[in-house]
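Student: What follows is the residue order along each chain.
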Amino acid sequence: MIDISERIGERFKNMSRDQIEAFQSEALPKTVAQAAKSPWFAAKFKEMGIEPGDIKSRDDVTRLPFTTKNDLRLSYPAQMLTVDPVDIIRMHTSSGTTGKPTAIFHTAQDVANWAELMARSLYLAGARPDDVFQNMSGYGLFTGGLGLHYGAERLGMWVIPAGPGNTARQILLIRDFHVTVIHATPSYAMHVAERMIAEGDDPRSLGIKIAALGAEPYTEEMRHKLQDLYGFKAMNSYGLSEMNGPGVAFECKYQNGMHIWEDSYLVEVINPDTLQPAAEGEVGELVLTTLRRTAMPLIRYRTRDLTRLITDECPCGCKHSRLSRFVGRSDDMLIIRGVNVFPSQIEEVLMRNKWLGGNYVIELTKSAALDQMNIKVELSKDGFDGTVETLRKLRGDLQRQLKEQIGFTAAVEVTEPGSLPASEGKAKRVVDLRS
Amino acid sequence: MYNEIRVFVENKSGKLAKVAGALGNAGIDIINIELADEGQFGVFKLLTADPQKAKQALENAGMTVAFNKVAVIEIADQPGSLVKLAKALENEGMSVQDAYGCILDRGKRAIFVVKGDNLEAIESAAKGAGLKVLDSLE
Chain L
1 MIDISERIGE RFKNMSRDQI EAFQSEALPK TVAQAAKSPW FAAKFKEMGI
51 EPGDIKSRDD VTRLPFTTKN DLRLSYPAQM LTVDPVDIIR MHTSSGTTGK
101 PTAIFHTAQD VANWAELMAR SLYLAGARPD DVFQNMSGYG LFTGGLGLHY
151 GAERLGMWVI PAGPGNTARQ ILLIRDFHVT VIHATPSYAM HVAERMIAEG
201 DDPRSLGIKI AALGAEPYTE EMRHKLQDLY GFKAMNSYGL SEMNGPGVAF
251 ECKYQNGMHI WEDSYLVEVI NPDTLQPAAE GEVGELVLTT LRRTAMPLIR
301 YRTRDLTRLI TDECPCGCKH SRLSRFVGRS DDMLIIRGVN VFPSQIEEVL
351 MRNKWLGGNY VIELTKSAAL DQMNIKVELS KDGFDGTVET LRKLRGDLQR
401 QLKEQIGFTA AVEVTEPGSL PASEGKAKRV VDLRS
Chain X
436 MYNEIRVFVE NKSGKLAKVA GALGNAGIDI INIELADEGQ FGVFKLLTAD
486 PQKAKQALEN AGMTVAFNKV AVIEIADQPG SLVKLAKALE NEGMSVQDAY
536 GCILDRGKRA IFVVKGDNLE AIESAAKGAG LKVLDSLE
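Protein sequence lines correspond, in order, to chains L and X. Mind the numbering: the first sequence is residues 1 to 435 in our numbering, read in order. Mind the numbering: the second sequence is residues 436 to 573 in our numbering, read in order.
Treat the hints with caution; some may be incorrect.
Stated by the list, open to error - Here are the simulated lysine-lysine pairs, BS3-like style, with alpha carbons at most 30 Å apart:
1) L/366 / X/447
2) X/450 / L/366
3) X/453 / L/428
Just so you know, these hints were derived from the structure itself, not from any lab. The structure displayed is predicted, hence computed values, not measured ones.
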């Protein structure tokens, strides 16, 4: 049996709280110094009057600027790059649908560190080198495929890079090669189970022990249902391409929050409105600073994910804090058919149209397991010229423009002026009826 | 030329009652009513005695209203009378996009309501054939 302690970064995994914090205080100044080598952060620090040398310990993090998704777009393609391009071995981009994507770069060491985090995560979830792992996630620019793949190989598992789809083959491979660990989206895992049951088969007969589930939000009820159907443990996984991808936080066997690897990410939870730290144990926006990435360190990246930090001792003994189940996002990015859509993109199209008033509602439903988007718009007071033709054209134009903007067809419902909630205050623009 | 009233409505139960109620309360007689259905929404087309008053009543009830110009041509309510108008339009080489007819006084007076973008030409063709073009339905 191979010694895996180095492969999973056991010395990091087993750090005490004191060791974690001491490590962070050493790593943060290095990260800031590294970030300052990029044109983006050099300008940003200068603008704020920050000398990299001012940052001496983890507590100084609050002096640093936040980085947002929009900053990543503005810095595209490579304003945040800190190393000679010759040292880059990999890049990923986000799944943005319009305009510029966001690009994240990795050196060989960055990819190795990421694989280590992923291997560590899988180990924490109970996977071991003698397991057979089937990765049912998409490979390519999406980080879920290669991220899990490298981690599973690093842990020493037998890896089957099945990719998504072709359900019959997925089932065949799981059975014939005695797969014990899978990685999939919750909805795909459910699809496979339903398919088997429809064919008179029992998902339990596959003998899968552990499922790493991620890349889309899902309920605790869905987790229990999947566990009952398959007899496996469904482990929640958290990651985002800006922070490498999967392997940022992962559940241990107690399934009570996801341990976030604090040797690699400095964690803050802030109030998204005031930008001040949330009170201990309170829900707020997760803000992360990379501590071990070289090619493209990110400072105080606002993930927009709303969560609570659990600092109580976990029975598993791991001292890395845990993230509670996510309660939503501080902006309202929607994931529709796996595509990221911002309501602002939709609003942009609607606001261009002179026949429409300012109010709208985006309704999300599920039909035959497929996300459906229905956009209710309001005719403006002067937007009715009395003809059906104009209304028909209005609806057609909106559908076409929306498709150009978001990449798929949404249904458009034209409603009477004043029938939708007014835009003043905090109107609920998105109604998600999918779960 | 005459103003037909158009009301934008969502295809929901109770919309007709709302339109009819608003007009009834204002004491306005509906001469003709049609509905153009577009699925999720529709447009009521109303011919009433006092278009201005009717529009106001509907707007006061919170409805989305617009005027639409039509030509209202009076014909006798007896067999063969529409032919006179039809021939006149044919002679001028005009085609009718959208139209309907209704009776004002059984056996005596009827009207033929024509829509489109060449209303002036239609009206002058009707007048040329000796027919009366109405600008009031009081």
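Student: Each of the hints needs a verdict: does it hold here or not?
Tutor: Comparing the hints with the structure gives:
{"no.": "1", "hint": "L/366 / X/447", "verdict": "23 Å, holds"}
{"no.": "2", "hint": "X/450 / L/366", "verdict": "29 Å, holds"}
{"no.": "3", "hint": "X/453 / L/428", "verdict": "28 Å, holds"}
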